[in-house]
Amino acid sequence: MARARLRTVYRHPLPVRIGHWVNALCLFILLLSGLQIFNAHPHLYWGSASNFEAPWLSIDYHWSRDDGYSGRTQVYGWQADTTGVLGASPGRNGELEGRAFPSWLTIPGSRWLAMGRSWHFFFAWILVINASLFLIWALFAGHLRRLIPTLEDWRGFGQSVLDHLRLRHPTGEAATRYNILQKLAYLTVIFGLGGLIVLTGLCMSPRMDTVLEPVLEFFGGRQSARSIHFLAAGGLVLFVAIHLFEVIVSGPVNQLRSMITGFFRYRDEPATDSATTRETRHDG
Amino acid sequence: MTDNTRRRFLKTLLAGGGLATLTGCDYLSEKTWFRDTLAQGETLSDVVQHAVTPRKAMAREYTPADISPSFRANGTTDPDAVEYRMLAANGFRDYRLKVGGMVENPMTLDLAAIRALPSRTQITRHDCVEGWSAIGQWTGARLSTLVEQARPHPDARYLVFHCADRYGRSHSPYYESIDMEDAHHPQTLLAYELNGEPLPIANGAPLRLRVERQLGYKMAKYVMAIEVVESFDHIAGGKGGFWEDRGYAWYAGI
Ligand code: HEM
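Those protein sequences? They're chains A and B, same order as listed.
The first sequence begins at 2 in our numbering and counts up by one.
The second sequence begins at 84 in our numbering and counts up by one.
Simulated from the structure, these hints should not be mistaken for lab results.
Incorrect hints may appear among the rest.
Some chain B residues close to chain A (C-beta under 8 Å, calculated; not the full set) [stated by the list, open to error]:
| # | residue |
| --- | --- |
| 1 | 124 |
| 2 | 127 |
| 3 | 132 |
| 4 | 136 |
| 5 | 214 |
| 6 | 216 |
| 7 | 298 |
| 8 | 330 |
Derived EDC-like pairs (lysine to aspartate or glutamate); straight-line CA-CA distance at most 20 Å [said to hold, decoys possible]:
| # | chain 1 | residue 1 | chain 2 | residue 2 |
| --- | --- | --- | --- | --- |
| 9 | B | 181 | B | 262 |
| 10 | B | 322 | B | 113 |
| 11 | A | 184 | A | 153 |
| 12 | B | 114 | B | 328 |
| 13 | B | 94 | A | 247 |
| 14 | B | 139 | A | 214 |
Just the calculated beta-carbon pair ranges, DEER-fashion [unchecked claim]:
| # | chain 1 | residue 1 | chain 2 | residue 2 | range |
| --- | --- | --- | --- | --- | --- |
| 15 | B | 107 | A | 112 | 15 to 25 Å |
| 16 | A | 15 | B | 97 | 23 to 33 Å |
| 17 | B | 116 | A | 268 | 45 to 55 Å |
| 18 | A | 53 | B | 313 | 36 to 46 Å |
| 19 | A | 246 | B | 320 | 43 to 53 Å |
For every residue, glycine included, the Cβ atom is placed at its ideal position computed from N, Cα and C.
When you get a sec, could you build the whole thing from the sequences and use the hints?
This is the structure we're talking about:
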């Protein structure tokens, strides 16, 4: 039996690597500046206008002379005391102050809506430009095709779910290709959440609404668009969390290196399954 | 490395990295050159939004059933300036709107004259920069007619609205400005009625601006004078408005 050989493949072409890191930076800044914006009015509603009596989500504070600040988070009538993190958290001087998201989750750290908006819109543009360039490249380079699940992928769906749950990852050459769950996750994030967050973001613009009214109507009105924007941001956070988890359990050094230099290492285990006998596609 | 030290190392790296990044963002936020760079994003929004929407594109108008039960008032809700208090005490009978600056025909109008101008009633959504929205019915004089009557100089580019209220810790006079495109838009009004009643003081009595395709802070309340200018560099902080002088974008279309 031949011994497993360590092979290096060029897995991530330059446009993927640049796109990936610019995107990561944008998402980070957009999320944290977004939370700064949220703090200016930490209540979310459904519909066109705000029904101040009935937000579905509220991250508020209470102040009393005796007890000082306390934070209260309310979701659909369900309430919790979240002092310390949500609603009331330590400010610069270490004392509790009333603010929805804590200063370590907002850009800038202090309460500064004007600056939060500046950060948000600047990086929204970078994100849109980055995403557009990436999609154009991906379309012409055939990269998008590599993300479309094949019939074979679908057959392996159940197996892939089980493998992910058991934290078993493809080894050998198979590790250099996208698996079905990965393909579905990337497609949902790029076209689902990505499209949703950009559209709901634009729908919050009164000027854009003069031409986007049908889209706004579809979302259910401006306050609904704001709610969906917030929830989509939550969806992206969830994706990033799972993404980072998978990177860590599947060999963080190798994964990180491949997203920086492009080169991915894998163990070539000859003739253990039919997949490895196929021609190697360096499309990771 | 054992698992434990590795975990601790990763945690420290993450916490340290995160803290350094946030401190970096705060540091940059204080730098003028960086703020000016970020502001280019808002300039780009201005240019692109104007390019993809028609000049006369209308803001959606709602039905009476959509009107918010109470129209939230932000900023100043009861100006304390003596002159304003005297006007209010007298039901604004002595109120005069001054229209001046780069115009051929400077004007002074009382409320009766303003009510005699061609008017418009519209039910629109008001979007505050903080994130909330309220729907109200506004009745007011079309600003376009007033501007035409004043006959602006061909070089004039902006209308500056000087208000009766002083706001914030600095207690500075509120003011705002819009360009000629918005000044001529059919939905741009000097509103004197809200929901069929005379405009309440909290919402800007006797006269407030409505610029329906921008955010609330553009819509100056307690308007006392309109100054037609070529540039607003010489006024207050030079950025074209009270909030603009405090870092907000002059173009508030998003
Ligand atoms: C082109 C892309 C985007 C545009 C045009 C955009 C636009 C906006 C606007 C206009 C607001 C202000 C809402 C308000 O007035 O309260 C906002 C808030 C916010 N954004 Fe974005 N955004 C974009 C992308 C993103 C992304 C990618 C994220 C997250 C990773 C994000 C997270 C947030 C959050 C958390 C808020 C505060 C919650 C809220 O008020 O909705 N945004 N965004």
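Enumerated hints in conflict with the structure, sorted upward: No hint contradicted; all consistent.
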